[in-house]
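> Chains as they are written, first to last, in my numbering: chain A, 1 to 376; chain B, 1 to 287; chain C, 1 to 286.
Read the hints as simulated data drawn from the structure, not as lab findings. The model shown is predicted, which means the values in this text are computed figures rather than measured ones. Among these hints, one or two may not hold up.
[Unchecked claim] Partner residues are not named here, just some residues of chain A that face chain C (Cβ under 8 Å, in silico): (1) Ala61; (2) His63; (3) Gly80; (4) Pro83; (5) Val84; (6) Phe92; (7) Phe98; (8) Pro99; (9) Ala110; (10) Val113; (11) Arg114; (12) Thr161.
[What the hints assert, rightly or not] Chain C is nowhere near these chain A residues, computed Cβ spacing over 12 Å in every case: (13) Ala12; (14) Leu101; (15) Thr264; (16) Glu274; (17) Gly306; (18) Arg318; (19) Val320; (20) Val339; (21) Gln352; (22) Pro354.
Just so it is clear, CB atoms sit at the ideal spot from N, CA and C, and this is done for glycine as well.
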Amino acid sequence: MTMQTTSSGRGAIELAGVVKSYDGGETTAVDGINLKIPDGAYCCVLGPSGCGKSTILRMIAGHEDPTHGEILIGGENVVGLPPVKRRTAMMFQSYALFPHLNVRDNIAYALRVRGMSRSERYRRAEEMMATVQLGEFAERLPGQLSGGQQQRVALARAAITEPRVLLLDEPLSALDEHLRIQMRTELATMQKNLGITFVHVTHTQMEAIALADLVVVMERGKIKQAGPAREVYIAPRDRYVAEFMGGQNVLRGKVRTINGVRATMVGRGEEPIEVAFDGRHRLEKDETIEIAVRRDDIELLRPEKGKVPAGKAAVSSRIVGIEYQGNFVKVMLDATDDVAFIAFVPERRFFQDPMKVGEVVYAAWDVEHAHLMIEP
Amino acid sequence: MVKRSDLFGWLAVSPLLLVLIPFFVVPFLVILAASFMESDGFGGMIQTFTLDNYIGVFRSRLTFDLYYETAKFAVITWAFATVIGFWVSYFLVFHVKNQLLAIGLFLLCTVPFWTSNIIRMISWIPLLGKEGLINQGLMGAGIIDQPLAFLLFSNFAVIVAYVHQLTIFMIVPIFNSLSKIDKSLIEAALDAGSSRFDILRYIVLPMAKSGIALGSIFVLSIVMGDFFVVKVMSGGGSASVVGALYEDVGVLQYPSAAASAVILTLIVVAVVFSILRVVDIRREIAR
Amino acid sequence: MSRSATAGTPRSGGRPWTFYVLLAVFILYVIGLYAPMISIYILSFQDVRGGLVFPMKGLSLHWFVDLFTQVRTGDVKGSFDRSIRLAVLVTVLTVVISFLAGMAFRRRYFGDTAVFYLMIGSLVVPGLVLGLGIGLTFNFLGMRPSWYTSALGAQLSCTLPFGVLIMFAVMSRFNTAWEEASRDLGASPLQTVWLVILPILLPGLVAVALFGFTLSYDEFARTLQTAGTLNTLPLEIWSMTLNVTSPALYALGTVTTIVSFVTIGLALGSIVMIQRRRAQRIKNEA
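Given the sequences, and given the hints that come with them, work out the whole structure.
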């Protein structure tokens, strides 16, 4: 690959006790972050707006300095260094392409400010344009490009500096739904080709799950959970992460009985729900706990067809809504008070014996599949 | 400790201060100092401390007449400029649907602003004069048989010249603030059964307020600080605060001129700042 | 009116009566704005018999020749020359200083509100009062007022606040991410200013220049006490209004208006050209 970087500068990132506060400590955007991102990883920082994720990105980039703490890239503390010295490059939200420069000059900008001759920098820019399939648009101004093309220009403009870390601030938010999925794939390909660390900030969990080796979920300046995408998705630490990552139903209850690695809890309906737990947890009687049950793990059973099978837990509830989704059917139940309790029923299975709104059913799942969360 | 943003700010704004301090702050302080001195009668000043100049200004019956006259011109001009400015802007923003045409017509209104005020003032002579076009026309049509004398070299002419020069200061900011109204808001209000008058009262006027305030600052401060329009267009029949001040300067009475300059400046600044309390123009312009 | 200026109400087909009333107001306003000026331009082309009012007597350039040759009309040529030079000087300084101040005002800094109010004060203070103050200051310091010192400062005290206010409006449309992107790509602060900020802000700076030039070129009240012994053009016109009663006065009006219009044309033309040139590249490619 022509775009493979010479990897003398390794792109492992470490944040140690990073704090960013404004107005002399009155507002804290980032509140004591510790995080390690391995070299060459695709890391997604996920959270609602205002959670401090962009601030983290900007501190790694060198556009803001942390109030406290250290930021290490390739083992070297980079706090106080300008972006070029860090060998990071940033792709800005809505790209910040220079409106007065055409595609070629936008891409060659970094080389221009380094004093490279016109012919040399244009040669390098042509190469870069070829890799991102922009060759025919060299003379266009950013205003004349589609969203997807703009994103490619932004990527090429950042990549030409041969960074060891590429920082992406909501890179897909300016695109429409269809294009977003297409460009998501392009980002993944690009990251593989470049072989450098990507840190990607987003508020869309789908993006994070699809792209990331490492997902970092944030809330109000703190990291809630960091880990591989699958781990964060199937084993959320708490309700916040579970609800933010989606695909989960959260049930809250009080521990009633404890028996080895099994316990029962009672939730809203006073029905006992069986819960599996392992050595990581120490449960006590009457403690409030929360479990997460994946929507696609839930099976709907008609009460008249007998009892819930052994090894399964269940809550009885009324169907309040049914939505056809194509490959599955989304069934909404009233098992929880605040948010809807949702089951994703495979399309074929649902229509073998369709249910109706208003019916009372058991929503059942394998006890082993429910996830007991660490922090209720 | 000096913050980096402060340092940059002061560095970048220092050329501005290097002009404003010697050419605005210091001159005003010098006037202030001069207003407490005595004239030696030959254009020089005796460095003492006296309040006589202020007492002289306040004792004079003329002072109040001058301020009354100037205030009258200011208020009348302001009223005409506001009414004309508002309706012209309203027409351009809400009645001309073609955006390009609206901008073209807007530019048509602003072009004269970039030409000489004095020329625009004297250009009324061939129209308003005794043998001017208006009198010729009216007499030709048989409406009058004596030329109307009040048209030129009168208070009427002063107002005409002011309105001619200053309405643009209302049109630009009002046009700007009306342009920010979301047109779909008005359509929604119409669909909800609001009358055009309701829309004017509850949507358009509140939005125009900041533009009117900004325009008022320009119109009022210019009229209050003017003397040559009054001098030329009234034909010497009317006086103004600054005109009187200018005559003091002409006879080298610097201390009394300085005292009335201080009073006038304080009044203008008070008027402007009371308008500024209503509208945050810095935010308004940057919006 | 163009065809596209259609319905006054979005729902009904015809225009409401208010449209016609306001159209009449607008047309009357534009006539009032232009008619007097146009009439003096016309009257300035009379021949030697010409007077100050209509009807037009003959057609010639007599009064223009008269303007630049007759001693009794004063030093028109010299003052014209000075006014242009002063206006160019004021324009350059206004653009540079307003740009820097505009950059400063993008972020808050200690004392920014005080500087802002100082600026507003400088803008609204009566021109003659300021001129008097500057004159007295020079007097106290034992310096002689002249058009390139005291008058220059007096004019800047009004063009700069205007320029900075325009910069506020221009800067509000400037995305700070452009600057950060430039820094991110390794540009020094100076390179960022030169390669990114200035080119993007260029149309706005042209507007500042236009204001600077025309405000200076037509400035009267602040210059009156500060120009020293040599007049600028508006001062010359002023003294002419008091003692010249021939169409030479109108001829002067025509000449200075031509200068103003050329300036406006150059400014608007260059803004359009900047935008065209940016669009042109695409055409070339096609």
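> A separate judgement is required for each hint: does it hold in the structure or not?
Hint by hint, here is what the structure shows:
Satisfaction of the interface hint for Ala61/A is found here, the shortest Cβ-Cβ separation to chain C being roughly 6 Å, below the 8 Å cut-off. Interface restraint check: His63/A against chain C, minimum CB-CB distance 5 Å, threshold 8 Å, status holds. For Gly80/A, the interface hint is violated, the least distance from its beta-carbon to any beta-carbon of chain C being 14 Å, above 8 Å. Because the closest C-beta pair between Pro83/A and chain C is about 5 Å apart, less than 8 Å, the hint holds.
Nearest Cβ of chain C to the Cβ of Val84/A: about 4 Å, under the 8 Å cut. The hint holds. Hint status for Phe92/A relative to chain C: holds, with the closest Cβ pair at about 5 Å, below 8 Å. A least Cβ separation of about 6 Å between Phe98/A and chain C falls short of the 8 Å threshold, and the interface hint therefore holds. Taking 8 Å as the C-beta cut-off, the interface hint given for Pro99/A holds, the closest approach to chain C being about 6 Å.
For the restraint placing Ala110/A at the interface with chain C, the shortest Cβ-Cβ distance is roughly 4 Å, inside the 8 Å limit, so the hint holds. For Val113/A, the interface hint holds, since its Cβ comes within 8 Å of a Cβ in chain C; the closest pair sits about 4 Å apart. Annotation: interface hint on Arg114/A holds; nearest CB of chain C at approximately 6 Å, less than 8 Å. Because the smallest distance between the Cβ of Thr161/A and any Cβ of chain C comes to about 6 Å, under 8 Å, the interface hint for this residue holds.
In this structure Ala12/A is separated from chain C by more than 12 Å, as the shortest Cβ-Cβ distance comes to about 20 Å. Listed as a non-interface residue, Leu101/A fails to keep its Cβ farther than 12 Å from every Cβ of chain C; the least gap is roughly 8 Å. No Cβ of chain C comes within 12 Å of the Cβ of Thr264/A; the nearest lies about 55 Å off, and the non-interface call holds. For Glu274/A, the non-interface assignment is confirmed: its Cβ lies about 53 Å from the closest Cβ of chain C, beyond the 12 Å cut-off.
No Cβ of chain C approaches the Cβ of Gly306/A within 12 Å, the least distance being about 62 Å, so the stated non-interface status holds. At roughly 47 Å from the closest C-beta of chain C, the C-beta of Arg318/A stays outside 12 Å, upholding its exclusion from the interface. Every CB of chain C is more than 12 Å from the CB of Val320/A (nearest about 41 Å), matching its label as outside the interface. The non-interface label for Val339/A is consistent with chain C: the shortest C-beta to C-beta separation is roughly 36 Å, beyond 12 Å.
The Cβ of Gln352/A sits about 53 Å from the closest Cβ of chain C, beyond the 12 Å cut-off, so the non-interface label holds. Once the 12 Å rule is applied to beta carbons, Pro354/A is consistent with being away from chain C; the minimum gap is 47 Å.
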